[in-house]
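Each chain is listed here by its residues.
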Amino acid sequence: MIKKYSVKINKKVHQVEADENMPLLWVLRDILGMEGTKYGCGVGSCGACTVHLNGDAVRSCQLPISALAGMEITTIEGLSAKGDHPVQKAWVDVDVAQCGYCQSGQIMSAAALLKNTPNPTEEDIENFMTGNICRCGTYTRIKKAIQQAATKS
Amino acid sequence: MKKTDSNYSRRSFLKVSSLSGGGMMLGISWFASAKPVESLGELNIEPVWQEVTSFIKIASDNSIKIFSPNPEFGQNVMTSLPMLIAEELDVDWKQVEVEQGNYDPKAFPRQFTGGSQGIRMAWKQLRTVGSAARQMILTAASQAWNLPVSELTTANGMITHAFSGKSETYGTFAAAAAKLPVPKDIVLKGNQSFRLIGTPQKNVVAPKIAQGKPLFGMDYREAGMLIAMTERPPAFGMRLKSFDATAAKKMPGIVDIFPIQVFNDDHKFAGFDTRSFNEVIAVVGKSTWDVMNARKKIKAVWEVAPERKEMGVNNRETTVPSGLESTTKHYAQMLEMSKKPGVIERKDGDPEKAFAEAKHVIERTYTAPFLAHNIMEPTNTFAHYVGDKVRFVAPIQIPDWIMPSIVARLGIPKENISIELVRMGGGFGRRAYGHYMIEAALISKQANAPVKLIYSREDDVSAGIYRPSYQLTYRAAFDENKKLIAFHAKGGGVPESPLHANRFPAGAIDNYLAESFVIPSNITIGAFRAPRSNFNAAAEQSFLDEISEYMGKDPIAFRLELLQRAKDNPVGKTNDYDASRYMGVLELVREKSGWGKPENAGKKRGVSAYFCHNSYAAQVIDLQVKGDQVTVDQVTTALDCGVVVNPEGAKNMAEGAAIDGIGNALFGQLTITDGRTDQRNFDTYRMIRHNEAPKKIDVHFVKNEIDPTGLGEPPFPPIFAAVANALYKATGKRFYQQPFQPQLKA
Numbered sequence: 000m001i002k003k004y005s006v007k008i009n010k011k012v013h014q015v016e017a018d019e020n021m022p023l024l025w026v027l028r029d030i031l032g033m034e035g036t037k038y039g040c041g042v043g044s045c046g047a048c049t050v051h052l053n054g055d056a057v058r059s060c061q062l063p064i065s066a067l068a069g070m071e072i073t074t075i076e077g078l079s080a081k082g083d084h085p086v087q088k089a090w091v092d093v094d095v096a097q098c099g100y101c102q103s104g105q106i107m108s109a110a111a112l113l114k115n116t117p118n119p120t121e122e123d124i125e126n127f128m129t130g131n132i133c134r135c136g137t138y139t140r141i142k143k144a145i146q147q148a149a150t151k152s
Numbered sequence: 000m001k002k003t004d005s006n007y008s009r010r011s012f013l014k015v016s017s018l019s020g021g022g023m024m025l026g027i028s029w030f031a032s033a034k035p036v037e038s039l040g041e042l043n044i045e046p047v048w049q050e051v052t053s054f055i056k057i058a059s060d061n062s063i064k065i066f067s068p069n070p071e072f073g074q075n076v077m078t079s080l081p082m083l084i085a086e087e088l089d090v091d092w093k094q095v096e097v098e099q100g101n102y103d104p105k106a107f108p109r110q111f112t113g114g115s116q117g118i119r120m121a122w123k124q125l126r127t128v129g130s131a132a133r134q135m136i137l138t139a140a141s142q143a144w145n146l147p148v149s150e151l152t153t154a155n156g157m158i159t160h161a162f163s164g165k166s167e168t169y170g171t172f173a174a175a176a177a178k179l180p181v182p183k184d185i186v187l188k189g190n191q192s193f194r195l196i197g198t199p200q201k202n203v204v205a206p207k208i209a210q211g212k213p214l215f216g217m218d219y220r221e222a223g224m225l226i227a228m229t230e231r232p233p234a235f236g237m238r239l240k241s242f243d244a245t246a247a248k249k250m251p252g253i254v255d256i257f258p259i260q261v262f263n264d265d266h267k268f269a270g271f272d273t274r275s276f277n278e279v280i281a282v283v284g285k286s287t288w289d290v291m292n293a294r295k296k297i298k299a300v301w302e303v304a305p306e307r308k309e310m311g312v313n314n315r316e317t318t319v320p321s322g323l324e325s326t327t328k329h330y331a332q333m334l335e336m337s338k339k340p341g342v343i344e345r346k347d348g349d350p351e352k353a354f355a356e357a358k359h360v361i362e363r364t365y366t367a368p369f370l371a372h373n374i375m376e377p378t379n380t381f382a383h384y385v386g387d388k389v390r391f392v393a394p395i396q397i398p399d400w401i402m403p404s405i406v407a408r409l410g411i412p413k414e415n416i417s418i419e420l421v422r423m424g425g426g427f428g429r430r431a432y433g434h435y436m437i438e439a440a441l442i443s444k445q446a447n448a449p450v451k452l453i454y455s456r457e458d459d460v461s462a463g464i465y466r467p468s469y470q471l472t473y474r475a476a477f478d479e480n481k482k483l484i485a486f487h488a489k490g491g492g493v494p495e496s497p498l499h500a501n502r503f504p505a506g507a508i509d510n511y512l513a514e515s516f517v518i519p520s521n522i523t524i525g526a527f528r529a530p531r532s533n534f535n536a537a538a539e540q541s542f543l544d545e546i547s548e549y550m551g552k553d554p555i556a557f558r559l560e561l562l563q564r565a566k567d568n569p570v571g572k573t574n575d576y577d578a579s580r581y582m583g584v585l586e587l588v589r590e591k592s593g594w595g596k597p598e599n600a601g602k603k604r605g606v607s608a609y610f611c612h613n614s615y616a617a618q619v620i621d622l623q624v625k626g627d628q629v630t631v632d633q634v635t636t637a638l639d640c641g642v643v644v645n646p647e648g649a650k651n652m653a654e655g656a657a658i659d660g661i662g663n664a665l666f667g668q669l670t671i672t673d674g675r676t677d678q679r680n681f682d683t684y685r686m687i688r689h690n691e692a693p694k695k696i697d698v699h700f701v702k703n704e705i706d707p708t709g710l711g712e713p714p715f716p717p718i719f720a721a722v723a724n725a726l727y728k729a730t731g732k733r734f735y736q737q738p739f740q741p742q743l744k745a
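Quick note, the sequences are listed as chains G and S, same order.
When the letters of the first sequence are read in order and numbered with numbering that gives the first Met the number 0, they come out as residues 0 to 152.
When the letters of the second sequence are read in order and numbered with numbering that gives the first Met the number 0, they come out as residues 0 to 745.
Hints listed in this document are in silico derivations from the structure and should not be mistaken for laboratory results.
Predicted model, so just to flag it, every value in this text is computed and none were measured.
Just so you know, not all the hints are guaranteed correct.
With a Cα cut of at most 20 Å, we get these calculated EDC-like pairs of lysine to aspartate or glutamate [what the hints assert, rightly or not]: (1) S/Lys481 to S/Asp349; (2) S/Lys201 to G/Asp92; (3) S/Lys694 to G/Glu76; (4) S/Lys207 to G/Glu76; (5) S/Lys212 to S/Asp243; (6) S/Lys93 to G/Asp123; (7) S/Lys694 to G/Asp123; (8) S/Lys728 to S/Asp575; (9) S/Lys105 to S/Asp349; (10) S/Lys295 to S/Glu419.
Counterexamples of contact, computed for chain S against chain G with all Cβ distances above 10 Å [said to hold, decoys possible]: (11) Ser192; (12) Ala205; (13) Pro251; (14) Thr273; (15) Thr287; (16) Asn292; (17) Trp301; (18) Lys338; (19) Asp399; (20) Ile453; (21) Asp567; (22) Ser579; (23) His689.
For glycine and all other residues, C-beta sits at the position ideal for the given N, C-alpha and C.
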């Protein structure tokens with residue numbers, strides 16, 4: 000059923016009309032035109048659509064719009080003003096990306112990890128990031144970038 | 000041995016035009032001949048050289064824009080190709096801004112992503128572009144200053160006259176340079192003079208990627224754009240009989256639902272016109288979610304499709320069989336075929352006699368399933384059909400290959416078709432098949448609106464164009480001294496053979512036989528990172544490991560012995576590989592991994608090496624097995640791809656190839672039951688994940704002066720066998736069937 004929702008994204012409140020089951024992923028991409036959050040699988044198995052919900056990394060393809068009242072959502076567009084979040088800087092510095100499609104989700108997961116675990120062990124990183132798939136195979140560089148961001152943040 | 004050098008004509012001339020801002024735009028056109036080479040032949044590439052216009056723009060403020068011609072899918076050509084131009088142009092890399100060139104055969108001679116050919120084919124072309132522009136700017140400065148060109152030097156986008164101390168920017172002379180005739184003789188720098196080539200440079204798009212900017216086809220949008228998806232048969236071997244979309248059309252946001260036919264009935268199929276289903280139901284609506292929901296309400300009736308014929312552009316007819324196929328049956332069919340004589344691809348000496356007289360024969364059969372590409376950005380394309388024109392925004396590896404088919408299907412001239420090339424979220428061969436562009440155009444035409452066609456992940460996995468399912472049976476014959484006297488490879492697949500009959504160990508063994516067979520199928524298959532090689536290497540390098548053990552030889556020493564023979568006294572006239580370069584990577588990986596060193600004695604390690612796409616790769620992997628869990632401690636890769644343009648990008652590519660290969664070797668499989676894929680999304684298709692990636696990857700390049708050869712594909716195939724050989728060390732069990740991990744016991 001189509002309803003009106005008020006949703007807070009990157010500290011700004013948006014009014015949207017959408018099917019109550021429409022996942023946040025498609026609200027972001029198709030209604031709000033915020034395409035940094037990527038569609039990868041739609042079943043919560045790849046992590047490409049990762050955003051922060053009240054600071055925690057979640058898969059936006061699994062979050063219906065009707066469940067977001069009062070929640071604070073951060074997308075990659077809101078992670079930093081100028082792309083200068085320590086994780087983003089480390090990603091550029093370590094030259095992580097190949098095709099780059101999964102990297103929004105990887106970066107959002109990494110930022111959430113470092114917020115709660117400022118000095119993660121290798122095992123912490125591997126376990127936390129396991130939900131984010133990269134077919135190009137940039138995992139070792141992702142780990143290096145997270146370690147670098149940890150020491151600089 | 001085939002020469003792998005390309006030969007460019009020096010009869011080059013440039014095209015120049017002034018820009019309104021007083022700058023210069025420079026391009027180049029030339030006639031060039033490229034000798035057909037082995038990989039080009041494989042891909043059916045006909046090199047066509049046409050007039051080129053714009054690669055470089057220089058503004059009066061000395062800002063420099065370089066257009067990258069090739070579609071980018073993560074191989075980092077948007078950095079490495081402009082580096083070639085910037086090197087000869089003699090500009091500071093920091094002052095260069097790179098932009099993706101759109102599809103324009105008149106402007107760019109080769110917009111092609113595939114076959115690890117990007118740098119190789121551009122190596123002289125794009126440096127020529129840069130050098131010509133530099134010479135013209137020099138001439139313009141010489142005229143303005145009334146000084147001989149011989150007294151002027153260039154560096155970092157500046158022209159300097161050392162005697163007088165005069166120094167000005169390129170931009171100062173750009174407008175004048177644009178009016179000059181084009182130099183006839185263009186001189187390229189010697190490799191020793193490179194200032195940029197060979198230095199590590201970061202991906203020029205990295206900051207945008209890190210900010211999630213809308214770089215991809217999936218991200219494209221414009222006013223009035225609708226979303227489309229397609230509904231297709233649930234199984235290979237089926238087709239649409241009828242459908243009722245009454246309920247689906249009533250769903251919120253739905254604009255229209257109609258069937259489309261991808262290719263005409265009389266279509267002449269070119270090599271990359273593969274599509275899984277020719278008739279699909281298009282669902283067009285306002286949002287992706289609306290369309291996804293409406294798809295579920297379509298009541299479609301599917302039926303088993305009869306056998307059909309497809310006529311190729313070369314008038315070769317292909318028969319696509321009827322029936323609902325299954326992986327278990329494919330494996331049984333391949334095994335049966337392996338016991339019958341195949342088509343002989345190569346024969347040296349008298350292998351039959353040698354096998355008959357052998358004191359011992361080792362025979363092993365290797366099998367692999369279909370693999371789905373699993374490009375992280377699912378298939379998509381934007382199309383807007385207006386009047387008799389269509390505009391695409393498309394992630395496509397080789398636009399030239401789909402253009403004739405778009406023209407044929409839409410019945411409009413190619414001049415009426417424009418393609419904006421967007422960054423691709425992976426490709427690996429999948430986006431060499433541009434049928435989705437035709438689908439998007441047909442939907443836009445029927446819906447009379449700009450449309451973005453999107454495949455769901457389920458569509459992408461279950462209606463793909465897969466790596467074929469393959470089998471290889473090897474036999475090795477030994478005399479009473481355990482000397483290898485004959486070698487036999489029989490390879491086949493669904494529906495193509497993986498065999499490369501003229502590759503190693505052909506040329507190294509006196510008695511050699513290679514045979515192939517094929518099993519026709521209605522499962523659609525196509526290029527997948529290092530086609531055929533990705534399985535050949537897995538099987539061949541595992542078998543060589545096993546026979547070296549029987550012979551009591553070190554696996555690297557054994558390979559080097561064979562290669563030494565191929566180098567000194569090759570068997571046969573046509574051996575595709577250069578034995579010296581092959582030996583080079585094995586020696587380098589032996590040194591860098593500390594192979595055979597006492598401190599590594601306890602490690603469970605495997606080695607493998609392979610030649611493909613004109614390059615050589617060898618890998619050593621160290622791993623541990625606990626129950627059914629594999630931990631990869633380290634991968635050491637040695638690569639010979641000639642001169643490395645951008646070592647940072649090249650390392651990233653080789654690291655990724657190792658991870659991708661380990662993942663596919665351990666987990667990758669697409670299996671079929673009654674025509675339906677058993678895996679449909681990442682919850683069922685097992686991909687390698689962070690915790691399974693190697694803890695460490697070292698990449699080493701052979702340093703030489705050879706013009707660049709392939710890089711994207713060569714480090715992918717050998718790692719499969721390195722994994723199998725290391726698993727043997729860890730478990731005492733040989734692995735013949737991919738994927739390997741399900742065979743480990745928890």
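Consistency of the hints with the structure:
1. Distance check on the hinted pair: lysine 481 of chain S and aspartate 349 of chain S sit about 18 Å apart at the alpha-carbon level, within 20 Å; holds.
2. Pair hint lysine 201 of chain S plus aspartate 92 of chain G holds up; C-alpha atoms about 8 Å apart against a cutoff of 20 Å.
3. Only pairs whose Cα atoms come within 20 Å are accepted, and lysine 694 of chain S paired with glutamate 76 of chain G is rejected, the gap being roughly 31 Å.
4. For the hint linking lysine 207 of chain S to glutamate 76 of chain G, the alpha-carbon distance of about 11 Å falls within 20 Å, and the restraint holds.
5. A C-alpha spacing of about 40 Å is found between lysine 212 of chain S and aspartate 243 of chain S, which places the hinted pair above 20 Å, so the restraint is violated.
6. Taking the CA atoms of lysine 93 of chain S and aspartate 123 of chain G, the gap is near 37 Å; set against the 20 Å cutoff, the hint is violated.
7. Using a Cα cut-off of 20 Å, the hinted pair lysine 694 of chain S and aspartate 123 of chain G holds, with the two alpha carbons roughly 13 Å apart.
8. Between lysine 728 of chain S and aspartate 575 of chain S the CA atoms are separated by roughly 31 Å; this puts the pair beyond 20 Å, and the hint is violated.
9. Taking the CA atoms of lysine 105 of chain S and aspartate 349 of chain S, the gap is near 53 Å; set against the 20 Å cutoff, the hint is violated.
10. Taken as a hint, the lysine 295 of chain S and glutamate 419 of chain S pair is broken in the structure, with Cα atoms around 32 Å apart against an allowance of 20 Å.
11. In this structure serine 192 of chain S is separated from chain G by more than 10 Å, as the shortest Cβ-Cβ distance comes to about 26 Å.
12. Distance to chain G contradicts alanine 205 of chain S as a non-interface residue, since its nearest Cβ pair spans about 5 Å, not more than 10 Å.
13. Non-interface status of proline 251 of chain S relative to chain G is broken: a Cβ of that chain comes within 10 Å, the nearest being about 6 Å off.
14. The claim that threonine 273 of chain S lies off the interface holds: its Cβ sits roughly 20 Å from the closest Cβ of chain G, which is beyond the 10 Å cut-off.
15. The non-interface label for threonine 287 of chain S is inconsistent with chain G: the shortest C-beta to C-beta separation is roughly 5 Å, within 10 Å.
16. For asparagine 292 of chain S, the requirement that its beta carbon stay farther than 10 Å from each beta carbon of chain G is not met, with the minimum near 8 Å.
17. Every CB of chain G lies more than 10 Å from the CB of tryptophan 301 of chain S, the least distance being 23 Å, so the non-interface label holds.
18. Residue placement check: lysine 338 of chain S keeps its beta carbon more than 10 Å from all beta carbons of chain G (closest about 37 Å).
19. The Cβ of aspartate 399 of chain S sits about 21 Å from the closest Cβ of chain G, beyond the 10 Å cut-off, so the non-interface label holds.
20. The Cβ of isoleucine 453 of chain S sits about 8 Å from the closest Cβ of chain G, inside the 10 Å cut-off, so the non-interface label is violated.
21. No Cβ of chain G comes within 10 Å of the Cβ of aspartate 567 of chain S; the nearest lies about 38 Å off, and the non-interface call holds.
22. The beta carbon of serine 579 of chain S sits about 30 Å from the closest Cβ of chain G, which is more than 10 Å, so the claim that it is off the interface holds.
23. Look at histidine 689 of chain S: its CB is around 4 Å from the nearest CB on chain G, not clear of 10 Å, so calling it non-interface is violated.
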